[in-house]
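Protein chains in written order, with my numbering: chain A, 7 to 360; chain B, 7 to 360.
FYI, nobody ran anything at the bench for these hints, they're computed from the structure. Predicted model only: the values in this text are computed from it and were never measured. Some hints could be false.
[Claimed, not checked] Lysine to aspartate or glutamate pairs mimicking EDC-like chemistry, simulated, CA-CA at most 20 Å apart:
1) B/K216 to A/D115
2) B/K123 to A/E223
3) B/K118 to A/D115
[To be verified] Residues of chain B clear of chain A, computed beta-carbon distances all greater than 10 Å:
4) R13
5) E34
6) D127
7) D132
8) D187
9) T202
10) R236
11) E250
12) A271
The C-beta atom is built at its ideal place from N, Cα and C for all residues, glycine as well.
There are 2 protein chains.
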Amino acid sequence: MYERYWRKRGEKASITIPGWQSMSYFSEGEKICWFMESELAEEVVRLHNLVGNAVTEGRHIVVGTGSSQLFLAALYAFSSPSPSHHQQPQPISVISALPYYSSYPSMTDYQKSGLYKWGGDAETYDGEKDGPFIELVTSPNNPDGYTRESVVKNNTHGFFIHDLAYYWPHYTPISYPSDHDLSLFTLSKSTGHAATRIGWALVKDPVVAKKMTKFIELNTIGVSKDSQLRAAKILKAVSDSSEEEAFFKYSYEVMAQRWKQLREAVQGNALFTLPNFSPGFCTFFNRHTHPQPAFLWLKCEGEIEDCASFLRQHKILSRSGERFGVSPKYVRISMLDTDENFMDFIERLSSIHL
Amino acid sequence: MYERYWRKRGEKASITIPGWQSMSYFSEGEKICWFMESELAEEVVRLHNLVGNAVTEGRHIVVGTGSSQLFLAALYAFSSPSPSHHQQPQPISVISALPYYSSYPSMTDYQKSGLYKWGGDAETYDGEKDGPFIELVTSPNNPDGYTRESVVKNNTHGFFIHDLAYYWPHYTPISYPSDHDLSLFTLSKSTGHAATRIGWALVKDPVVAKKMTKFIELNTIGVSKDSQLRAAKILKAVSDSSEEEAFFKYSYEVMAQRWKQLREAVQGNALFTLPNFSPGFCTFFNRHTHPQPAFLWLKCEGEIEDCASFLRQHKILSRSGERFGVSPKYVRISMLDTDENFMDFIERLSSIHL
Chain A
7 MYERYWRKRG EKASITIPGW QSMSYFSEGE KICWFMESEL AEEVVRLHNL VGNAVTEGRH
67 IVVGTGSSQL FLAALYAFSS PSPSHHQQPQ PISVISALPY YSSYPSMTDY QKSGLYKWGG
127 DAETYDGEKD GPFIELVTSP NNPDGYTRES VVKNNTHGFF IHDLAYYWPH YTPISYPSDH
187 DLSLFTLSKS TGHAATRIGW ALVKDPVVAK KMTKFIELNT IGVSKDSQLR AAKILKAVSD
247 SSEEEAFFKY SYEVMAQRWK QLREAVQGNA LFTLPNFSPG FCTFFNRHTH PQPAFLWLKC
307 EGEIEDCASF LRQHKILSRS GERFGVSPKY VRISMLDTDE NFMDFIERLS SIHL
Chain B
7 MYERYWRKRG EKASITIPGW QSMSYFSEGE KICWFMESEL AEEVVRLHNL VGNAVTEGRH
67 IVVGTGSSQL FLAALYAFSS PSPSHHQQPQ PISVISALPY YSSYPSMTDY QKSGLYKWGG
127 DAETYDGEKD GPFIELVTSP NNPDGYTRES VVKNNTHGFF IHDLAYYWPH YTPISYPSDH
187 DLSLFTLSKS TGHAATRIGW ALVKDPVVAK KMTKFIELNT IGVSKDSQLR AAKILKAVSD
247 SSEEEAFFKY SYEVMAQRWK QLREAVQGNA LFTLPNFSPG FCTFFNRHTH PQPAFLWLKC
307 EGEIEDCASF LRQHKILSRS GERFGVSPKY VRISMLDTDE NFMDFIERLS SIHL
């Protein structure tokens, strides 16, 4: 979807890697994350400071093979026993408020780890009664796009992973720099370079950053340097872009246009309900902006119980609300597809009537 | 160590990736491994056929973020229950003959998986008495460089992972094309590009290949395309190289030179024993060659009980035999360091006398 932008930027975001460069596992510097390229760390800090979406002061950066790997690394860091402590007797519960990202349960449970296990809805969890937990706070939320905070009752003995993949100005107003113990970001959702598989975590506690680094060492012995160097180049191109070719200006306009087309397509159609967002002041754009999420969280009204099946009859692919822990009357649809596919979707959606 | 070779090859192994290319998660084609780039798969097959070290006919290729990730993916594939079966009641034992690669135990156990657990030495394992198992067969073996086969007694109900990272003509004679159910290879050890984090598995059973792909999907949602494209370019440069600039000829000579220097350095020194390899016919070079492993497996003789500590006093870094499941009289030392570090090592080793 952002491909057209990157074509316009031409060589400024291109990278050449000679055959004899970047061969060794190790990177320079005295960082906790021993396989992280300094160039990437610098560009991450620079972009966050420019956008104002995260405090980087006093944070350790850990790079991962996408934010998925960092999510697993964070579960490991919060649940693995310290050498000086006795072993964790019970796997810690991993929870998130409904509707939650559909991959969280399977990512948490596929290894059948004795360290952590999926615990479901965070709203009904009580930290005092139900024991230690790791709460996943995704904000803006995937699938529904709403801004979120922790919801667990009695949360003093919990750990928190803030998944901020969509906390960028093209998707939501940047109201303040996020300032959490552990936040995750990814190139995939910020600039569109999903295939590069680069994510990063901002981590307060050096012990947690060390354990995450250890996880990645045991999991994949580091993170592709080619991808790290490419990610650094791309983030640099975003930060370097002058006002008229600014990435976030372009991507904001594309998202705004798509949401406008979407709202027009279902306007007055009693079959569908879209989420209703309030505008907020965006410190990056220095004006009020509307949330325009990367996903559409659509509700089928009336007698349609299985919204995904209903849409499939009209050749629209979606993921059922059941996968996100809620009713099949809801579906999630990507707003980041190619122009052609998005126009097909709008056309098909507009043609559906009772 | 192979950097000088790649400098000589210049642009033939360099890659340029424009900012707008390789953005999507998906790759083309109808392969089981949906995130694998066709170019890489083609070059993997081409190189194996050229070198003659592996049968590729009737194999599914699965690409991984280094062979570490593929090792974990294979454990998952062999131990995760099929949808139609009841759940595995007990974690399956993961075993390997002594001395085994020092990271196998921690890589197997760090997640405390309920699917598999480290089971130690394969020599003392009895498949009938001790139950189902996954045997890791590393050949040539890390740390000692010897050629290996399965050693478990009553092995009809086992699974096998053949780690063939070092089965290349610069390290060992290629006596026949390997022909196993599941073999692992890696760019790191074949061409020296460790930081690119690319490995591949050759897998007979499509169900196993599918489960490995699923593991990588849940672990890192695929493998960096930048790295895959670079790996394809590098493997192509190896296959394309004419006789006088052939990669394996160059790397064989470098290894031969190092092993010669090493043997001279300890000759007549009763303190140390090196492994003793027999030459074998190499179908790739079409002559007899000597094994010249990527690691030196050194034994301290006489009263030296802790060889690693002893060497440390002489400023030589090594990994103790204890880490590989055997006596601390043994150590492993890398033979793949930079020229400068290797020469320092040889000098320090030569100067040690009783």
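Against the structure, the hints come out as follows:
1. Only pairs whose Cα atoms come within 20 Å are accepted, and B/K216 paired with A/D115 is accepted, the gap being roughly 18 Å.
2. The suggested pairing of B/K123 with A/E223 holds, with an alpha-carbon distance near 19 Å, which does not exceed 20 Å.
3. Among the hinted pairs, B/K118 with A/D115 is consistent with the structure: their alpha-carbon atoms are about 12 Å apart, no more than 20 Å.
4. Distance check on B/R13: its Cβ comes as close as 5 Å (rounded) to a Cβ of chain A, failing to clear the 10 Å threshold; non-interface status is violated.
5. Every C-beta of chain A lies more than 10 Å from that of B/E34, the closest at about 12 Å, which supports listing it as non-interface.
6. No Cβ of chain A approaches the Cβ of B/D127 within 10 Å, the least distance being about 21 Å, so the stated non-interface status holds.
7. The Cβ of B/D132 lies farther than 10 Å from every Cβ of chain A, with a closest approach of about 26 Å, so its non-interface assignment holds.
8. The claim that B/D187 lies off the interface holds: its Cβ sits roughly 22 Å from the closest Cβ of chain A, which is beyond the 10 Å cut-off.
9. Its closest Cβ contact with chain A, about 6 Å, brings B/T202 to no more than 10 Å, contrary to its assignment away from the interface.
10. Listed as outside the interface, B/R236 is inconsistent with that label: its C-beta sits roughly 5 Å from the nearest C-beta of chain A, within the 10 Å cut-off.
11. Consistency note on B/E250: stated as away from chain A, and its beta-carbon is indeed over 10 Å from all of that chain's, at 18 Å minimum.
12. Remark: the non-interface label on B/A271 is consistent with the geometry, its nearest Cβ contact in chain A lying 25 Å away (cut-off 10 Å).
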